[in-house]
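> Sequence:
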Amino acid sequence: MKTKKISSLFLLSVLIASITSCNEGFLDENPTTFVTPNALLVDKNGAETYLIGAYDAVQNIVSSGGNGVDGWAIHWGTIGTDEVVVPPWGGDRKLIYLQQLTPTNNTVRSIWENLYVALNRVNSVVDRIGAMTANQIDIEDRDNFVAQAKFLRSTINFALVSTWENVPLIKNEVTSLDNLEVPQAAPDKVYEFIIEDLKAAAAILPAEQGGGRVTKGAAQALLGKVYLQMTGFPLNQTDKFALASAILKDVMDSGVYNLLASYPDVFSLDNEQSVEMVYSIGMEGPGKNEGGLLSTFYGPNGNVNNGGGWGTCFINQNFEASYDRDDIRLLNNIAKHNANDWTPEDGMSNPDAWTVAKNNWRGWKWHAPQDGASPNDTPFDNPYIRYADVLLMYAEALNGQGLLTQEVIDMTVNKLRSRARMTPTAVPDMVLGSSEENATALLDERRKELCLEGWRRNDLIRFGKYKEAISGITQGGPNAGDPGTEYQDFEIRWPVPNSEIQINPSLDPDLSPGYY
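First residue of the sequence shown? That's 14 in my numbering, and the numbers climb one at a time after it.
Simulated from the structure, these hints should not be mistaken for laboratory data. Be a bit skeptical, because a hint or two may be false.
[Said to hold, decoys possible] Derived lysine to any residue pairs resembling SDA-like cross-links, with alpha carbons at most 20 Å apart:
(1) K262 to F246
(2) K301 to V82
(3) K202 to F246
Whole structure, please, built from the sequences with the hints as guidance.
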């Protein structure tokens with residue numbers, strides 16, 4: 014289920030933009046009248062329309078991007094990692110990849126601004142729907158809508174604190190131009206607010222696969238992911254491993270989610286909201302102003318009208334080499350063919366199609382057809398948290414406590430490896446080792462399973478392996494160079510944009526050490 018495009022006018026402020034669209038399915042009508050929030054928020058239908066604006070707020074910025082918005086998942090989560098390399102013509106993406114960011118980088122500024130615009134829109138939904146009375150809306154419906162918005166707010170705050178570490182914590186809608194000089198909060202305070210929101214959401218939302226709506230399992234799974242991130246840099250709160258394992262076990266025991274039998278099927282248009290999707294950000298294209306970038310940002314050599322990609326980045330060859338040759342994930346996730354000459358089916362399974370030189374291999378997870386239907390406006394939903402991720406996080410959380418067992422490995426990692434196995438002897442099972450050996454295996458498995466979904470940088474930082482991974486990139490061909498020689502420890506975070514510091518003197522440049 015996806016949401017149909019809707020429009021409703023928010024009260025504008027310096028950090029707020031009008032809701033202009035969302036995805037297909039939540040509402041059946043396209044409203045044509047623009048109204049103020051006070052006129053709209055008089056009943057359940059108006060509240061639901063306003064809620065859809067919160068979904069729209071995160072649609073392109075928290076995801077891989079779309080509709081002219083640089084997505085956080087691509088630029089933070091993938092570009093500056095060991096999954097891809099970037100060509101010399103990569104613009105700002107090249108600078109992210111090469112660890113050459115400055116506080117004046119336009120993409121960093123754009124993502125910061127768009128995250129805060131999205132945050133204010135979602136804060137408006139939480140505050141205004143939350144203020145509705147029983148005369149206007151059933152209280153159970155009201156609380157459900159607010160809970161969904163709190164989850165969406167958590168995705169924004171999680172992106173902010175993961176990326177910049179010290180960020181302004183804005184808990185309510187900004188409706189005035191007064192008192193806009195908000196200082197940065199310490200990261201633990203931001204995480205505390207995220208946890209508060211997610212616990213509140215999980216207590217109210219239904220236990221079901223939401224078809225694009227936020228549900229209990231989504232809030233619990235994100236809470237588990239947040240707890241795990243707190244175990245690494247900069248907080249290093251290892252007590253959170255136990256909290257993560259408990260909440261992730263609740264998701265696993267819910268009976269709502271499961272793995273699909275076929276790994277490639279997970280990323281098919283037919284399975285965008287399958288039982289494996291704990292939460293997936295809806296996209297709708299082409300030609301509806303609702304599409305994303307998947308299958309074109311990542312896609313084979315060849316014209317986008319033939320199912321090819323842009324050539325914005327290439328696959329890290331060491332990443333490709335880490336796969337077993339008979340791992341279906343290798344064939345699904347990395348393109349070695351030219352889409353002008355081969356169908357997606359042949360490109361994945363026919364060795365005769367694998368004629369592209371290895372320096373030009375491309376990421377390839379969402380396989381666009383050869384019909385030219387979505388060259389720059391792809392309809393593929395963006396997975397945010399999959400059940401596969403839940404399984405791997407659960408194993409990680411137990412390993413962090415020294416409680417990982419072979420039985421748990423078999424029901425998590427080895428369950429994924431079994432699905433990936435194309436021949437009986439391929440993709441050997443993981444065997445329990447020391448905590449350090451287990452952590453290495455789990456991090457490697459996360460890259461093979463979850464590549465290009467936007468979590469790699471957070472994973473590397475959490476496991477304490479970011480510098481090692483960046484320094485290990487050595488690849489020739491049409492890439493911009495090797496980033497390891499440029500990397501310095503302060504670049505584990507992004508700089509607060511200089512333009513923001515200029516207009517908000519409460520922002521402290523010393524909290525972006527090394528950049529100023």
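> None of the hints should be skipped; say for each whether it holds.
We went through each hint and held it up to the structure:
no.	hint	verdict
1	K262 to F246	violated (24 Å)
2	K301 to V82	holds (15 Å)
3	K202 to F246	holds (15 Å)
This entry does not satisfy hint 1, going by the numbered hints stated previously; all others are met.
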